[in-house]
Every structure is written in C-alpha cells, then in structure tokens.
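Visitor: Below are the chains, spelled out letter by letter.
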Amino acid sequence: MNKNECKFPLNLVIAGFGGQGVLLAGKLIAEAGLHEGREVSWIPSYGPEMRGGTANCTVIISDSEIGSPVVENPDVLVIMNRPSMDKFLPSLKKDGVCIYNKSLIEGFKPRSDVKMVAVPASDLAVQMGSTKLLNMVLVGSFMANSKAFSEASLAYALKKSISAKHQDLIPLNEKAIDEGAKFIA
Amino acid sequence: MNDKEKLLEEVKTMKKVASRPKCLTDRVFHYCPGCTHGVVHRLVAETIDELGIQEKTIGVAPVGCSVFAYWYFDTDFSQAAHGRAPAVATGIKRSVPGSVVFTYQGDGDLAAIGTAEIIHAANRGEKITVIFINNAIYGMTGGQMAPTSLINQKTQTSPYGRDSETMGYPIRVSEMLSGLEGVKYLSRVAVDTPANIIKAKAAIKKAFETQLTGTGFSMVEVLSICPTDWGLNVADSKKWLKENMIPYYPLQEFKAPKAEEAKGGE
Amino acid sequence: MANKVLMKGNEAIAEAAMIAGCRHYFGYPITPQSELPAYLAKHMPKRNGVFLQAESEVAAINMVYGSGGTGVRVMTSSSSPGISLKQEGISYIACAEVPCLIVNVVRGGPGLGNIAPAQCDYFQAVKGGGHGDYKLVVLSPSSVQEMADFTVLAFDLADKYRTPVMLLSDGYLGQMMEPVEMPDASNIKKYDKPWATTGAVGRHQNLISSIHLVPEDMEKHIHHLYEKYAEIEKNELIYEEYQCADAEYVMVAYGITARICKTACVMAREQGIKLGLLRPKTLWPFPKQPLAKLAGSKNVKGFIAVELSTGQMIEDVKLSVNGVKPVEFFGRTGGVVPSPNEVLLNVKKLFSLK
Numbered sequence: 063m064n065k066n067e068c069k070f071p072l073n074l075v076i077a078g079f080g081g082q083g084v085l086l087a088g089k090l091i092a093e094a095g096l097h098e099g100r101e102v103s104w105i106p107s108y109g110p111e112m113r114g115g116t117a118n119c120t121v122i123i124s125d126s127e128i129g130s131p132v133v134e135n136p137d138v139l140v141i142m143n144r145p146s147m148d149k150f151l152p153s154l155k156k157d158g159v160c161i162y163n164k165s166l167i168e169g170f171k172p173r174s175d176v177k178m179v180a181v182p183a184s185d186l187a188v189q190m191g192s193t194k195l196l197n198m199v200l201v202g203s204f205m206a207n208s209k210a211f212s213e214a215s216l217a218y219a220l221k222k223s224i225s226a227k228h229q230d231l232i233p234l235n236e237k238a239i240d241e242g243a244k245f246i247a
Numbered sequence: 012m013n014d015k016e017k018l019l020e021e022v023k024t025m026k027k028v029a030s031r032p033k034c035l036t037d038r039v040f041h042y043c044p045g046c047t048h049g050v051v052h053r054l055v056a057e058t059i060d061e062l063g064i065q066e067k068t069i070g071v072a073p074v075g076c077s078v079f080a081y082w083y084f085d086t087d088f089s090q091a092a093h094g095r096a097p098a099v100a101t102g103i104k105r106s107v108p109g110s111v112v113f114t115y116q117g118d119g120d121l122a123a124i125g126t127a128e129i130i131h132a133a134n135r136g137e138k139i140t141v142i143f144i145n146n147a148i149y150g151m152t153g154g155q156m157a158p159t160s161l162i163n164q165k166t167q168t169s170p171y172g173r174d175s176e177t178m179g180y181p182i183r184v185s186e187m188l189s190g191l192e193g194v195k196y197l198s199r200v201a202v203d204t205p206a207n208i209i210k211a212k213a214a215i216k217k218a219f220e221t222q223l224t225g226t227g228f229s230m231v232e233v234l235s236i237c238p239t240d241w242g243l244n245v246a247d248s249k250k251w252l253k254e255n256m257i258p259y260y261p262l263q264e265f266k267a268p269k270a271e272e273a274k275g276g277e
Numbered sequence: 008m009a010n011k012v013l014m015k016g017n018e019a020i021a022e023a024a025m026i027a028g029c030r031h032y033f034g035y036p037i038t039p040q041s042e043l044p045a046y047l048a049k050h051m052p053k054r055n056g057v058f059l060q061a062e063s064e065v066a067a068i069n070m071v072y073g074s075g076g077t078g079v080r081v082m083t084s085s086s087s088p089g090i091s092l093k094q095e096g097i098s099y100i101a102c103a104e105v106p107c108l109i110v111n112v113v114r115g116g117p118g119l120g121n122i123a124p125a126q127c128d129y130f131q132a133v134k135g136g137g138h139g140d141y142k143l144v145v146l147s148p149s150s151v152q153e154m155a156d157f158t159v160l161a162f163d164l165a166d167k168y169r170t171p172v173m174l175l176s177d178g179y180l181g182q183m184m185e186p187v188e189m190p191d192a193s194n195i196k197k198y199d200k201p202w203a204t205t206g207a208v209g210r211h212q213n214l215i216s217s218i219h220l221v222p223e224d225m226e227k228h229i230h231h232l233y234e235k236y237a238e239i240e241k242n243e244l245i246y247e248e249y250q251c252a253d254a255e256y257v258m259v260a261y262g263i264t265a266r267i268c269k270t271a272c273v274m275a276r277e278q279g280i281k282l283g284l285l286r287p288k289t290l291w292p293f294p295k296q297p298l299a300k301l302a303g304s305k306n307v308k309g310f311i312a313v314e315l316s317t318g319q320m321i322e323d324v325k326l327s328v329n330g331v332k333p334v335e336f337f338g339r340t341g342g343v344v345p346s347p348n349e350v351l352l353n354v355k356k357l358f359s360l361k
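Chains as they are written, first to last, in my numbering: chain E, 63 to 247; chain H, 12 to 277; chain Z, 8 to 361.
Source of the hints: derived by calculation from the structure; they are not laboratory data.
The C-beta atom is built at its ideal place from N, Cα and C for all residues, glycine as well.
Treat the hints with caution; some may be incorrect.
Heads up, simulated DMTMM-like pairs for lysine to aspartate or glutamate below, C-alpha to C-alpha not over 20 Å straight-line [said to hold, decoys possible]: (1) Lys295(Z) with Glu234(Z); (2) Lys11(Z) with Glu127(E); (3) Lys217(H) with Glu264(H); (4) Lys216(H) with Glu61(H); (5) Lys155(E) with Glu234(Z); (6) Lys11(Z) with Glu134(E); (7) Lys156(E) with Glu234(Z); (8) Lys361(Z) with Glu349(Z); (9) Lys11(Z) with Asp137(E); (10) Lys69(E) with Glu234(Z).
Label pairs and their calculated CB-CB ranges [said to hold, decoys possible]: (11) Glu176(H) with Lys134(Z): 41 to 49 Å; (12) Thr177(H) with Glu223(Z): 41 to 49 Å; (13) Pro108(H) with Glu248(Z): 33 to 41 Å; (14) Gln60(Z) with Arg38(H): 14 to 22 Å.
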C-alpha cells in the first residue's frame, strides 16, 4: 500500500467503554507512526471516568512539529460504543472518516457529510475467540483506511507495546488486525 | 613547696574519672538553670564518644528549646521543621546509610505536630535513634499545654488545669509505639536522680547500639523537668516528676533486641 | 528515530531524573502524577536507588530536606493540593539552600478541585508559595521531550546554585505520550558539595539550617539568597519566540497552553493575522527584557496572556510591558482546556480583528 496517500497531520480520536482497549489502540497507532519517523502525540482522557465509563484518546500523526495535542475537530474517529458515537460524531471534520463498531452501535443518526465506515468489530472478535480483540480489529480497519503507516510498522508497534509475558498473544492480535484491514478492502 | 604547688602535684597523680565528652563543644548551654536538657545532651555525647561514632553521626535538631542542639554537638547536624525531625532523619539515613542518625525532640514536636512522622518512621523501622524529651510542657513558647501534660496540670493554655473532657488525655507515646514491628529498642527513663541518670545513659547507649546493628528503629523517652515553666525550683521539680509523671509514665524497657541480634555488626 | 521512545510525560521525568543521577525519591500518591512514582518504584531498586512512599506530602518534602542536605540528588513530585502541603518544607529548603527538584503536575483547583490539567498554581510557584523572602527557579516544559530535558536542567541548576528548582507541569503533559530522546548521561555535570552533612570526618560540623535568630543575620542571609537569585536571573533565563519578528499581536503562554497557542498562530497566519507567541521556558526568572523589547517594537500593537487560570502570569506580563502596549487576557480554568480555534476567536475579539 502507498502510505503517501495519507495526508498529514492526521488527527484521530478513539473512543469507547473503559476496558475496550481504547488507550492501547491509540498507543499502537502512535508507535506505528513514530516507527515511520513521524511526529506523534497521544493524549488520554484520564481519571475516574476511566473506570467503567467512557474512555477516549487523541492521537496525532504529523510530518512536522505538533502544536496543540488537543483536537477540536478530528479527521478520523474510531468509535467502539454508542455513547461515544453520540459524543464524538458531531465533532468530526466535514469529509472526515468515522470507523465504528457496527456490532454494538445501532440506531444513531449518521452524518451525510462524512464517510461512515461500519465494521462488525465485536462480532469478528468473538469469532476469533475473544471479544477483547475488537480494538485490534478496528486498528486494522483504521490502518487500511487511512494508510497512515505500513503493516510492518504496526507489527513492530504491537511487539513493542505488548508486555513480555503476553508476547504469545501477538499472532492472534495480528490476525485480528488483518481481519479489520480486510474489511476495508 | 607551698600549698598551691602541693595541690598541683596532687592533681598530677589523680585519676581522671570524668571529663567533658569529646563531641560536646565548649559552648555554654543556653538552657534555663536546672533544665535537664544539658544532662541528656551529655549522656548522648558520652555515648557517641564511647561508641567512637562522632565522625559518622548526623544529628537532627527539632523546633523547641533544643532547636540549637547543634551548637553543642561537634557532629554534622540538620535543623528540622517543627515535628519533622524523623522525616529529615529518614532522608539523611537513606542517603548516607553508613551514618548514625539521631533526632532530639521534645513532646510538642514529637507527640503533637510530629505524630505522623514519628509513627511512620518507627513503623518503617528507620535505622535512626530518637531521643524524646518528655517534660509535659511546651518550653520555648512559654509553657503551654503539651500532649503529654498531665490531667489537672496547669499551663498557660490550660490555666484551670488539663481537663480530659475538653483537652483529652496525656498521650503515652512509648506505649503507642511499642506495638510497631519496626521498633527494635524502646525505653522510658528519667533524669531526676543520679541513679535514674545512670539508667538513662545505659538506655541511650543501647538505643545507639541498636542502630549500629542495623535492625530497626530505636527510641528513648526521657522524663525531664522544666523548672521555669512548671514554676517550681529544681528540687521540687524533681519531686513533681517522681510523684506525678512516673506513676502515669512508668519507667520501663518496652523493647530490646535479643542478645544475638545486639551482637551483630552493621 | 532509533533513540526516540514513546513515553508519558510523567515517566519521562522519572527516567530523566535517574539519568541525571537522582537516586533518591520521596513522595506521596496523588493524581495526575502517579505514573512518576510508579515508574521510580519499579526502576530505582534496579539502580540501587531509594524510592520511599512517605506518610504524607509533609513528611516527603522533609525527607527531601534531609536527603538533599547530604548532597545527593533528590526529588519529590506531587500535584497541586500536595504541593500546598509541601510549602513549609520548600521554604525551609530555600532558606537552608538545599538543592532538589520539586515536580508539580498541576490540576484544577482551588480545594480538592479536580484532576484535569490547569495552570492555576503559577502564583504559588513563582511568587514564593511558602512563607518568607525567597524564590524558586521554575521551569515550564511544553512537551514530553522538555519534561525530560528540563528535569536534567533542573538538577543542574539546583546544584549549581544550591537552590530548589520546581518543574511546573500540568495534567496533560504528565499524561500525554510523545516520542522522547533521553538526555545523554555522559553530559551530566557533577558538583562538589563540601557543605553536605555526610559525617564530620577530619573536619568540623556541617550544618543544614534555616534559623537565623538575630534579625541582622537573617537580613544578611536573605541578601545572600537574593544575590544568588540575581545571578540566576542574569544567566539562566530561557524562552522561545515563535513568529514574533513581524507580529502585530503577541500571545504569551507557557506549558501545554503554548502548544495550543502555536496552532492558533498557524491558523491566524492562514487568515492573514500577524500573530506571534512568546513562550517562557523559565517562569522564574521571567522573560521581562524580551517582552519589554517586543513592547517597544513598532509592529506590536498588543499582547495577550493565555493561561489555564483566571489570569496569574498576566501580572508579570504587565509588569514587563510596563504600560507601553495594551495587555489582554484569555483563559479557561478549573481544568477546562481551550482549543486553538477558541484561543484565536478570543484574540480576534479582544483586539477587534476580522
């Protein structure tokens, strides 16, 4: 794939329930961007709302120095649950992309001035053996859609971000990423 | 040979049984007449001399009458904020593990404002020695009620006597600390009589020796007199200590290392 | 990029502190700086260092006093309410000239407030904070890289001048991850500390103390401190000017807010507005002369202080500009962080720009 197709800076917000792997998904994307020599920033929502409530993080991948790490109108959204859709969809830039977990998000009013990309992430994750893989599915979809970095960079990021004792889970996570990417093609 | 010459000759042949401890400076104590801070300073200084630890001892002075303790000990010193001496001592000992660190604190400093610091330094088993002067009153500020002031004791801030209903009870710090695992040596002594002073010296020495074994926290609570703020002469002060303080604060060794522990080096 | 690692700001401080030779940390848990002690708790033992979780912030800062007095590199960290508790100790440390690093990852206040990013502790940091006549050197990082770099700088300044240094950060900088290249340990300068209380071997007493009972002695000591502060003002001021050369309006902002203002600058230029930014990297010493110089420039029509508070640094901006040009203010407070667009809209509104 041709990474030059992606326009930088790319401002991304990832949101979902606490526990859906929002922060790790963001970290992988930031690591992959860094691996390709870009400037990156990752900023989480933090504190009590992390526990059981909604969690979100903002990731910026850029070709030049990153000014504000706070983004009002992101270029891309990765949305894992319904409350996050309601909260963040209105903020998406016109002509932006909203990649969302179709398995858990229904009955909302989509926007016609943005590209809505529905991925049955939770269903795919369950098919692969664990609902926990849904964040990886969506990271795969994001990679394929944005072309912000190569598969190899993401694989590197995955290896780096997963702790030593869980390295055996890497193949399964890579598979989930593949599934998510395939869904875009 | 005249009388003076005879005397000088005699002095030459005398055996020296006591002298100023080496690690005490020549400075004259600023303490009030009759105050026992001077006695306890001397006991600490003798201990430092006897253990040969002057060069590695670092003292921590409190806020209170003994704020200038560093004037009198020729060792390194740090002057701490009110109540914080055990925290400062922790910082020193953790940074210079081979040193011998002691704090010298009064009852307001240690048992009121510094309660958290003393409990947690003791509980962590900090390898420091605390000399706790309990004279049941705030001395430097002019005789206010201390946490250790006795029931009915009249002070500037308990002019009708300490009333447990509104002012609570005198706090027994040693009893409180004795339950903590980190405490390895703990004793309460008094300096009202020569016999008790000798016992106090032994306790202080054991406390420093405990620190040298590197096993944990050591403290000696020293019941002391404050003639100025008690409004008594020295003899009556000693009598008051004996008749009022000792019954409430019994003299005892609460904790001591087992024999084999005490032998261990650093 | 090989040397760059993705790290949280709080962790970058912790790692850089160890690179700077800090092996003693005393602190008490508080959000949003918890990653910092957690990192040190994990890594200090591996490097023969001391990590001690104290019973309170009060105890922690006094442990720093004792430890720093022995000459080792020592630090503590906390967030706003915890820093308030440390103020007594910081005053003692400043008076007794104990070098150390104090990190404040500022959160919304007053009171218990919240844990969101804020800059409401500016006065406390640069105007004293504790009792008495003293100053802290206050460094203001604005990226994770600077969290690391300024940590190393802080330890150096602390030793060089025998003075406490504060790193004034905020919840966002603490929590955010960016690539960071760790400073080179071989560039760390070591200082002789003949004053340290390490045990009086072959010498007389060393004393760490803040008591000067005779007023004339105290005055003399304070003058000594202020001579030192004058040296620091002369030598250690650092700041950044961004698009100031032709600027008609100059924002003054530090920390995370400066990042937001930079983006606002770029947006303004796209709209034909000549907006610039002056970013103090040291909040004390404050860039008085650079601001005065800009105020005297023909291009500049006005200044605007942008802060995550109701307006604290603006007082220093006004003192520096000294009435030569108007100084306006825009801020969000209580943990609210404005977007670059919001900043720009307010700049335009305050100076009636289209």
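Visitor: All the hints need checking, so say for each whether the structure fits it.
Guide: For each hint, the structure was consulted:
1. Restraint check for Lys295(Z) and Glu234(Z): satisfied, since their Cα atoms lie roughly 18 Å apart, inside the 20 Å limit.
2. A hinted pair counts as satisfied when its Cα atoms are at most 20 Å apart, and Lys11(Z) with Glu127(E) qualifies at roughly 15 Å.
3. Between Lys217(H) and Glu264(H), the direct Cα distance comes to roughly 11 Å. Compliance with the 20 Å bound is thereby established for this hinted pair.
4. Proposed proximity of Lys216(H) and Glu61(H) is supported: the alpha carbons are some 9 Å apart, at most 20 Å.
5. Using a Cα cut-off of 20 Å, the hinted pair Lys155(E) and Glu234(Z) is violated, with the two alpha carbons roughly 55 Å apart.
6. This hinted pair does not check out: Lys11(Z) and Glu134(E) have alpha carbons roughly 28 Å apart, beyond 20 Å.
7. Between Lys156(E) and Glu234(Z) the alpha-carbon distance is near 58 Å, which puts this suggested pair outside the 20 Å criterion.
8. Simply put, Lys361(Z) and Glu349(Z) have alpha-carbon atoms about 14 Å apart, close enough for the 20 Å limit, and the pair holds.
9. As the CA atoms of Lys11(Z) and Asp137(E) are separated by approximately 26 Å, the hinted pair breaks the 20 Å bound.
10. Restraint check for Lys69(E) and Glu234(Z): the C-alpha separation of about 54 Å exceeds 20 Å, so the hint is violated.
11. In this structure the supplied range 41 to 49 Å holds for Glu176(H) paired with Lys134(Z), their Cβ-Cβ distance being about 44 Å.
12. Thr177(H) and Glu223(Z) have their C-beta atoms about 43 Å apart, which keeps the hinted 41 to 49 Å range intact.
13. Checked against the hint of 33 to 41 Å, the pair Pro108(H) and Glu248(Z) fails, with Cβ atoms roughly 48 Å apart.
14. A beta carbon spacing of about 39 Å between Gln60(Z) and Arg38(H) contradicts the range 14 to 22 Å that was offered as a hint.
Of the numbered hints listed earlier, those contradicted by the structure are 5, 6, 7, 9, 10, 13 and 14.
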